[in-house]
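If you're matching them up, the sequences are chains X and R in order. Just so we're aligned, residue 1 is where the first sequence starts under the numbering used here, counting upward by one. Just so we're aligned, residue 1001 is where the second sequence starts under the numbering used here, counting upward by one.
Heads up, some of the hints might be wrong.
Claimed, not checked - Okay, the calculated beta carbon distance ranges per label pair:
1. X:112 <-> R:1019: 26 to 36 Å
2. R:1065 <-> X:205: 50 to 60 Å
3. R:1002 <-> X:172: 54 to 64 Å
4. X:88 <-> R:1017: 36 to 46 Å
5. X:230 <-> R:1056: 53 to 63 Å
6. R:1127 <-> X:152: 26 to 36 Å
7. R:1058 <-> X:303: 45 to 55 Å
8. X:235 <-> R:1118: 39 to 49 Å
9. R:1068 <-> X:78: 34 to 44 Å
10. X:109 <-> R:1118: 26 to 36 Å
11. X:240 <-> R:1139: 47 to 57 Å
12. R:1058 <-> X:109: 45 to 55 Å
13. R:1121 <-> X:96: 53 to 63 Å
14. X:112 <-> R:1059: 22 to 32 Å
Unchecked claim - Partner residues are not named here, just some residues of chain R that face chain X (Cβ under 10 Å, in silico):
15. 1078
16. 1102
17. 1104
18. 1108
19. 1112
20. 1122
21. 1134
22. 1165
In short, the hints are calculated from the structure, not lab data. Using N, Cα and C, we set each Cβ at its ideal position, and we do this for glycine too.
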Amino acid sequence: MRRANIALALTALALVALPIVATLSRQPFWISVATELVIDALAVTALDFIVGYGGMVSLGHAAFFAIGAYTVAFASTSGHNSAPLNWALAVFVSALFAAGVGAVSVRTSGVFFIMITLAFAQMVYFLIAGVKALGGDDGLSMTARDVMPGIDLANPVIYYFVVLAILAAFVLLSQRAIGARFGTVVRAAKQSERRAIALGFDVDRYRWLAFTLSGAVTGLAGALFADYQRIATPDMATWLQSGDLLVMLILGGAATLLGPVFGAIAFGVLRVALVGVTDHWMLVLGAILILVVLAGKRGLAGLIVGPDA
Amino acid sequence: MPEIALATRNIWKSYGALHVTSDVSLEIAERELHAVIGPNGAGKTTLLAQLGGELRPDRGTIEFGGRDITRIRAFARARLGIARTFQITTLCADFTAEDNVALALQARERHSFRFWRSARHEPALREPARALLARVGLEARAGIASRVLSHGEHRQLEIAVALALEPRVLLLDEPLAGAGVDESANLIALLGSLKGTMTIVLVEHDVDAVEALADRVSVLDGGRVIATGTFAQVRDDTGVQRAYLGGGDG
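Kindly generate the complete structure, drawing on both the sequences and the hints.
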């Protein structure tokens, strides 16, 4: 068996076994941590789609996460508590917003792209924090988690597996899209935009769609998070959150199959492990990030899985 | 009079006070191999960029098959049938030689909004890609990442990629630059075999290659066309001789 397949099998096994082990060892706290990690991994997978494969470094993805979260919280507090419908609505709203942001930002590249996505995200942050109907600085609290027919989302273990199944589905979908004709154009445009244009590709259209899809899936992650915590807050949209997503991606390894998952896990575990020891856990994270980056461009996935990551 | 494939009508391009293209009018006939030569800095690459649509002239028009394409963007010109190669390698470095050609084949289809099937395993892209690599003599290097190919191999791959587009007009920007002696001979033979099958605009420094290949030659100097004619005609032109001697560059 190839090293990449072994890594994939072990990661899947660990993620499936985790809540069982946590329940048996009476450590339900770890289920809560793991649920958030898996949701983060979904957002980072979506971010990787444009950063790792498309070369579009977005510093505004927290906005899509927050929009997804607020869509769910708003729908739920307005009396619509169907999880599938609310999640679909969250995907739709964040896709719309990403389509708008993408239409402007994909015309730029490099630092300008970073700045434009950041600017849009800041607008979202101040909008959310300022609108009374969305709870202002306090955010929007839901009385109960949304419901899904036949599946008891209120049970944390079941919720974890729902989220894990969604992550697995999107890792698969994103890998297929990246290997298919669409992803080939996006990757080509990252390596050589002039070439892609000279071949006749309307590069901006492909980038725009990639950006929109990425924003939509990040919105879904936000929706899952809001339903899990039963709250949406403005700080979800801060640029620090966008930065965290990028840190997870670089730590885990951009443009690798398992990088987003490794990055989210490493980031979350470090935070939980160190936050009790020192307030300056970011200092340790920073040092680790530097080491991983210096060791090679492909992050933890590159270190663990090797060149096939 | 043969039909005109590509024409520029009094085009100008300036950067500040510097006229890099100065009132250039060229008519390139259908299936002609038209070489553009001139000293360094004469504006050859800038002219090619305007034909390809990467740059837009400040004034004047560009026509393709009688249609004004001056305002049509580069990607759309490629779709109309104007392909180009680059002097500086712009191939996709992480892709293999075969991937690069397959990408060009994919570009010929109406769109690439396909999200599931692996593009690396589509026989409709892979088989013609291998055939094109064989045509330029790169079949043994099909699986090698473009970044590790030699300079001369990049030149061969550039041509395979352009041919994959089945263009009506092929713009070649110094296709022999950096190629070794043997590679050059192969490339010249390859270009010779293309001659007459499509319209080719060849920007090239290698005068022997131009003599061997070109139906007609235009000489650029200081952004201006100072002579157009057969190789022998421009070689004997006193203005051309002065430009080359004055420019100091063969």
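Going down the list of hints, with the structure as the test:
1. X:112 <-> R:1019: 26 to 36 Å: Roughly 30 Å apart at Cβ, these two residues keep to the hinted range, so it holds.
2. R:1065 <-> X:205: 50 to 60 Å: violated, 26 Å
3. R:1002 <-> X:172: 54 to 64 Å: Holds, at about 55 Å.
4. X:88 <-> R:1017: 36 to 46 Å: violated, 59 Å
5. X:230 <-> R:1056: 53 to 63 Å: holds, 55 Å
6. R:1127 <-> X:152: 26 to 36 Å: Since the Cβ atoms of residue 1127 of chain R and residue 152 of chain X sit about 52 Å apart, the hinted range of 26 to 36 Å is violated.
7. R:1058 <-> X:303: 45 to 55 Å: holds, 53 Å
8. X:235 <-> R:1118: 39 to 49 Å: holds, 41 Å
9. R:1068 <-> X:78: 34 to 44 Å: At roughly 56 Å between Cβ atoms, residue 78 of chain X and residue 1068 of chain R fall outside 34 to 44 Å, so the hint is violated.
10. X:109 <-> R:1118: 26 to 36 Å: Hint holds: Cβ distance 28 Å, inside 26 to 36 Å.
11. X:240 <-> R:1139: 47 to 57 Å: holds, 52 Å
12. R:1058 <-> X:109: 45 to 55 Å: violated, 25 Å
13. R:1121 <-> X:96: 53 to 63 Å: violated, 34 Å
14. X:112 <-> R:1059: 22 to 32 Å: For residue 112 of chain X and residue 1059 of chain R the Cβ distance comes to about 30 Å; the hint holds.
15. 1078: holds, 4 Å
16. 1102: Status holds, d = 8 Å.
17. 1104: holds, 5 Å
18. 1108: Since chain X brings a Cβ to about 8 Å from residue 1108 of chain R, closer than 10 Å, the hint holds.
19. 1112: holds, 4 Å
20. 1122: holds, 8 Å
21. 1134: violated, 21 Å
22. 1165: holds, 7 Å
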